[in-house]
Amino acid sequence: MLHTVNKSPYCSDSLRLCISYAGKDDAVLLIEDGVYAAMCGGNSEAILQGAEVALYALWPDLQARGISEDKLVDGLKVVGYDGFVELAAKHSKVQSWL
Amino acid sequence: MKFSVMVNEGPYNHQASDSAYHFTKAVLQAGHEVFRVFFYHDGVNNGTRLTTPPQDDRNVVARWSELAVEHKVDLVVCVAAAQRRGIADADEAKRNGKNADNIAEGFRISGLGQLIEAGIVSDRLVEFGD
Amino acid sequence: MPTVKKMMYVNRRAPHGTGYALEGLEVVLIGTAFEQEVCMAFIGDGVYQIMQGQDTRAAGMKNFSPTYKALGDYDVTRLYVEQESLSERGLSVDDLMPLTYEDEDDDWAEKPSVQVIVRKELSQIMAAQDVLFNF
Amino acid sequence: MAIELNGKTYETDEEGYLADLSQWDEEVANHMASEDDCELGDEHWEVINFLREYYEEYQIAPAVRILTKAIGKKMGKDKGNSKYLYSLFPYGPAKQACKYGGLPKPTGCV
Chain A
1 MLHTVNKSPY
11 CSDSLRLCIS
21 YAGKDDAVLL
31 IEDGVYAAMC
41 GGNSEAILQG
51 AEVALYALWP
61 DLQARGISED
71 KLVDGLKVVG
81 YDGFVELAAK
91 HSKVQSWL
Chain B
1 MKFSVMVNEG
11 PYNHQASDSA
21 YHFTKAVLQA
31 GHEVFRVFFY
41 HDGVNNGTRL
51 TTPPQDDRNV
61 VARWSELAVE
71 HKVDLVVCVA
81 AAQRRGIADA
91 DEAKRNGKNA
101 DNIAEGFRIS
111 GLGQLIEAGI
121 VSDRLVEFGD
Chain C
1 MPTVKKMMYV
11 NRRAPHGTGY
21 ALEGLEVVLI
31 GTAFEQEVCM
41 AFIGDGVYQI
51 MQGQDTRAAG
61 MKNFSPTYKA
71 LGDYDVTRLY
81 VEQESLSERG
91 LSVDDLMPLT
101 YEDEDDDWAE
111 KPSVQVIVRK
121 ELSQIMAAQD
131 VLFNF
Chain D
1 MAIELNGKTY
11 ETDEEGYLAD
21 LSQWDEEVAN
31 HMASEDDCEL
41 GDEHWEVINF
51 LREYYEEYQI
61 APAVRILTKA
71 IGKKMGKDKG
81 NSKYLYSLFP
91 YGPAKQACKY
101 GGLPKPTGCV
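Protein chains in written order, with this note's numbering: chain A, 1 to 98; chain B, 1 to 130; chain C, 1 to 135; chain D, 1 to 110.
Same shape as in the complex, but just chain A (with noise of 0.2 Å):
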């Protein structure tokens, strides 16, 4: 399963209870403010780390916020909407944690 994160940690647990919901072969993408938590530093990293799964952000939405390839959490891939449409062929359903 693929699953999407849209809200920044900060305001929304979506992140948190999406990270325990994923299963081991499932693909977590942070996309629009949700790309907020691949930022290291922050206090959601230690949610993702916890992560077993693999992890995404879509490219657009960091650059629009101003965050810097540099700036990102260990392990966590970037992707265009093309590696979305990728993720989302790939695994069997996509559930957006709205």
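No more than 27 Å apart at the CA atoms, straight line, and that leaves these computed lysine-lysine pairs for DSS-like:
1. K69(D) - K111(C)
2. K98(B) - K95(D)
3. K105(D) - K69(C)
4. K69(D) - K95(D)
5. K6(C) - K2(B)
Now the in silico label distances, taken between C-beta atoms and shown as ranges:
6. G83(A) - D107(C): 52 to 62 Å
7. T3(C) - C40(A): 42 to 52 Å
8. S87(D) - G83(A): 51 to 61 Å
Take a look, some chain A residues computed to stay more than 10 Å from chain B by CB distance:
9. S20
10. K24
11. D25
12. M39
13. C40
14. S44
15. E45
16. Q49
17. A54
18. I67
19. V73
20. D74
21. L76
22. K77
Think of the hints as simulated: they come from the structure by calculation, not from any bench.
Here a beta-carbon is modelled for each residue, glycine too, at the ideal position from N, C-alpha and C.
Put chains B, C and D on the given structure of chain A with help from the hints.
Showing chains B, C and D alone in chain A's frame:
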């Protein structure tokens, strides 16, 4: 592969419609089929042709219309959600005694069954919202 | 459309502050006409949707909470409520509406639709679905 | 649009549904039916009253298949089928019976 997309927020206040648009385009570019884009909740507000954004910003509604015209993407606005929010085509306006309609080109108004059908027929349903 | 898919309606929002719950419930009811294998999940603030004693008269809004009681008639018989979400909010199953259905295969015996299960179990049920709708 | 009846005014929409559901009474139901060349007998009222009770309890008008199932359970199999309901309400039980019964207009979903 067959994709369907659901859009739950209106234009400009929330990024959902932008994300859904870029995703839908990327689906087409990857050679997949887009079975339907379904607009629900405040997402029905993406379907009014009266939208007039400033010239230095993107035109979210016109962009969806172009996608419908150029790629034959089926853009469906939920009738129940549209009635609540004042989105109408000519038939709906007549049925409900309104003196105007505002549906944008390429969009059509239909029932919630279209969403369920999209869920059944498509290989993937991807939702964008608040 | 001969295919029968497993569909889960994931409800994560409180009922009256926004319209998502009401319009989400409308999808579930309409969706039953397609005779798919459906269930609902109530997670996070979604558990507030089926809390007992909702009365919207003074707030001047439509009270759609009684409509959840019709789900049994519409053959929506599996309502999963996440235990952790209830506990975090100081709620127990007694705070929820007693939603039931009549079991056709058991001489129309009345049975509870609500099943309180832990997150781990709910995540497995979610993983077994074909389509997920979020409201 | 409006219906004038016994000195009362009932506002309606384009298709004749009551604008204010709390105004509903049996007189206006009979009047709306007569406008459609339909006379409401006991069998019609059985269905209308059932719909009103269902709406009161659940705050929705039931889908036709739910209505037929529930009517069949309550009033017997000979009435719990769409043929019987359509014989009473030829324009469709959901639309016509809801209109006479003072229930909201179906949105036209599905």
